[in-house]
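*Asks:* These are the residues of each chain, in order.
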Amino acid sequence: MRCAPRSAWRTVRGKLVSTSKPDLVVALRESLGESGSPAGSHPAPEELADYLEGRLSAGAEEEIGSHLLDCEDCSALLLELDGLKRETPETVVADFETAAAWRHQRARLFGDASTSWFGVRALAASLALVSLGLGVWIVALERRLERLRAPQLEVPIANLEPLGSMRDPGSLTSVAIPADAIRWVLILNLIEDSEAQVYRLEMTDSEGRRVTAQDGLRKSPTGGFRLSLPRDFVPPGVYRIRLADGRDDRTIEEYSLRIEP
Amino acid sequence: MTTHQEQDAVVLGWVRELQAGSAVEENSRRIFVRYFPWVRGFFGRRGLAPQETEDLAQDTLFQVLREIGQFGERSSLDAWVFAIAANAWRNELRRRGTSKRRGQEVSLDSEDRDQESGRALEVAGEEPTPERAVFEQQRKRALRAAVEGLPPQMRRVLLLRLDRELKYREIATLLKLNLETVKAHLFQARDRLREALGEEFGEWQD
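Here the protein sequences come in this chain order: A and B. Position one of the first sequence corresponds to residue 11 (the numbering used here), numbered consecutively onward. Position one of the second sequence corresponds to residue 1396 (the numbering used here), numbered consecutively onward.
Chain B extracted, bound-state conformation (with noise of 0.2 Å):
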């Protein structure tokens, strides 16, 4: 098993020697192969068909192969074949004319009727009494102090774990922390606002 920067430096042999005009058709055969099935994957999960998804990713592989003159070495090859990738992506969206939005969104509005079984419209078709609406007006208040209770970075990192449900690598990874950290975060804010606003606060469950 090779590791990862172990790879690297062998592709970036092939780059160099390609670069240099060797051994050209089998240096561009190996980088084909190193990134063809992640590209493809790329595409794929985008939800394109699969013959979409098999155009765009030889167009983005013959757009790498073909520019591989350009490739300074500034970024990683994988940072240069991804954004080959990403951009023949938003070309796609463009040309497409369709939203940049796709994938599963969250959606505040549906997820409170599905997880609390419509009480948000039963909420809104309620005349709020005088006495609600005092306590709404606190409830938000006490809410909004125990958040802003919490250090900016810990706030960030339950943000991306309620609302986007993401994976606790995938929120190490995009708020640039160590996996351990994400984990002391989601830890130590549920502590706080369980003190904050009670033992009722809710029931967490990771």
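Bound-form chain A, shown alone (with noise of 0.2 Å):
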């Protein structure tokens, strides 16, 4: 509503007209004995929200409505609250922005390690260790692998004859091999004259566990197996060895080993 300026003082039809605005609102403060400007403090937030859904007493509503009159802020604030009660959101799903900003509220609150700062100082100082612990794995593998490609001198040998040939067949052919050493080399010799193509070689400790199989070997040119082991194949200690046929896991000879330290 508009009181549209016309000229300031004139009588018409003897009585004195305004058509100044602001000459009523100023008659309009004065007859309510309100002065324009909030006197004393405001109400707390609370109590807005009280006045607006009706919790209050008449006296404490009467007194926020005449501040209200007085104050802009109050009544700004006031119909924010009014404006969020006529909100009728349709669903809970949020929008991208909305979706941004819980990530980060939720790292706040539940301290996610993904993104919250601590959880990526956490994720930063892990993979500095992994990647340390990684390169010294490397280094140990490529000075391994230099000592391998090396020639190597008086290589150990455990030269195994089959149990059933030898007159004690409860004595050890035993085998030292050298802290310094890398590999080792282990003969089977054969007795009979197998006809398997391929052979299963299975090794067992003392107390009868299997420690370890190869599948698939094939005898010599002269007529035995020779195997060249890493130094840590099998620990130290005494082991049968079965050899079988390939085929069937036919028994073809067996032999013990003892395996110094």
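If you're looking for bench data, these hints aren't it; they were derived computationally from the structure. Heads up, a few of these hints could be off.
[Said to hold, decoys possible] If you anchor each label on the Cβ, the simulated ranges turn out as follows:
| no. | chain 1 | residue 1 | chain 2 | residue 2 | range |
| --- | --- | --- | --- | --- | --- |
| 1 | A | A110 | B | G1544 | 54 to 60 Å |
| 2 | A | S45 | B | Q1400 | 35 to 41 Å |
| 3 | B | L1443 | A | E97 | 29 to 35 Å |
| 4 | A | E107 | B | Q1414 | 26 to 32 Å |
| 5 | B | L1488 | A | S45 | 18 to 24 Å |
| 6 | A | R154 | B | S1417 | 53 to 59 Å |
| 7 | A | S45 | B | E1462 | 35 to 41 Å |
| 8 | B | S1417 | A | R219 | 51 to 57 Å |
| 9 | A | S45 | B | A1528 | 24 to 30 Å |
| 10 | B | G1467 | A | E107 | 27 to 33 Å |
| 11 | A | G226 | B | V1419 | 56 to 62 Å |
| 12 | A | F243 | B | V1419 | 54 to 60 Å |
Source: prediction; values computed, not measured. Cβ coordinates follow ideal geometry from the N, Cα and C atoms, glycine included.
Make the complex out of the two chains shown on their own, each in a separate frame, by following the hints.
*Replies:* Here it is as structure tokens:
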């Protein structure tokens, strides 16, 4: 509603009139005892909410109503709450910005390791440790490969005869593998002229537990088997070796071996 | 489309579950999604920079969710969230040490100058004649008498409309009146003032 500005002072049929809106506003304020600027302290937001939701006594409601006439700030706050109360969101599906804001808030509330600063630092520290460990492992591996490529003198050899061919089947062939040795050689001699095409080797410890098995072995042209094994193929101890036909697992020969520490 | 009452009931269900420690993250997310757009808008409409708006909205909802156990259903959750946001805004103003007055203030002086092409300055510069001083006194008396002839509630409606240029619904909200009552008050006030002050009281444009 606007009161169109007209000339400031004049008389109409003997009456003084004013078309000035500010004059009318001043008259309204004076008649209501309002100053136009809020006196005293502003109501707390909780009181404004109580006013809007009708939880105040008549006296308190009158007081706040009077304050609102003078105070634009409190009026604006109250209208904000009214706006919120008129909203009727359809769903709880977040738009893109709200979803992004929630991820931030979730990290703050629940300490999400994937996004919180602490989590990022912890993740970075873990990755640094893994990288360091991986680096050390790669260096060790390279050294080992270098040693494996180098020629080795006086390779330890365990030359085993089948138990069935030995005078004392309880005797043990021993092999000592020096600390600086990289590989050692296991020779399995055959007495029987087996017709098997492929062989299976099975190694058990002194308590009968299988420690390794190799399939697909083939005889050497000289009639036996020569296996080049790494130093740590099996730990020191007493072992029994069974050589079997690779097709039907029929035992062909058996051997005993002690690997000394 | 759900009504606001239905929405309130749903939100209250989330709050109760959250307070009971049930589906804490999911219920927190739902409440956040429900209120974040409004809270961000609340701060955004107060002229803050986007980053400040975002930070205050996040802080407000962090406080809402952290203190949700203290919400006792004495008010609606809307009112509770509103109170936390409004307090955060007032704290921010205090922190900045700025005036609480904000937004578009309707200055009587400036409006007078704008609408009447500097008449106020012109009048102020004129030396009032004795006849004019008498007219001024009579004019104010007549205006005051006409205004006092209106019921107090009608005067309040008129004041908010003329001074703040608020919408009918906003006036209804602030004065806790029916929308139709506001319209009727304004219509009747125009007629009664015109009757009391004369036909050329003013051309009301609504």
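*Asks:* Does each hint fit the structure? Answer for all of them.
*Replies:* Hints versus structure:
no.: 1; hint: A:A110 / B:G1544: 54 to 60 Å; in the structure: 58 Å, holds
no.: 2; hint: A:S45 / B:Q1400: 35 to 41 Å; in the structure: 39 Å, holds
no.: 3; hint: B:L1443 / A:E97: 29 to 35 Å; in the structure: 21 Å, violated
no.: 4; hint: A:E107 / B:Q1414: 26 to 32 Å; in the structure: 28 Å, holds
no.: 5; hint: B:L1488 / A:S45: 18 to 24 Å; in the structure: 22 Å, holds
no.: 6; hint: A:R154 / B:S1417: 53 to 59 Å; in the structure: 56 Å, holds
no.: 7; hint: A:S45 / B:E1462: 35 to 41 Å; in the structure: 37 Å, holds
no.: 8; hint: B:S1417 / A:R219: 51 to 57 Å; in the structure: 52 Å, holds
no.: 9; hint: A:S45 / B:A1528: 24 to 30 Å; in the structure: 25 Å, holds
no.: 10; hint: B:G1467 / A:E107: 27 to 33 Å; in the structure: 32 Å, holds
no.: 11; hint: A:G226 / B:V1419: 56 to 62 Å; in the structure: 59 Å, holds
no.: 12; hint: A:F243 / B:V1419: 54 to 60 Å; in the structure: 55 Å, holds
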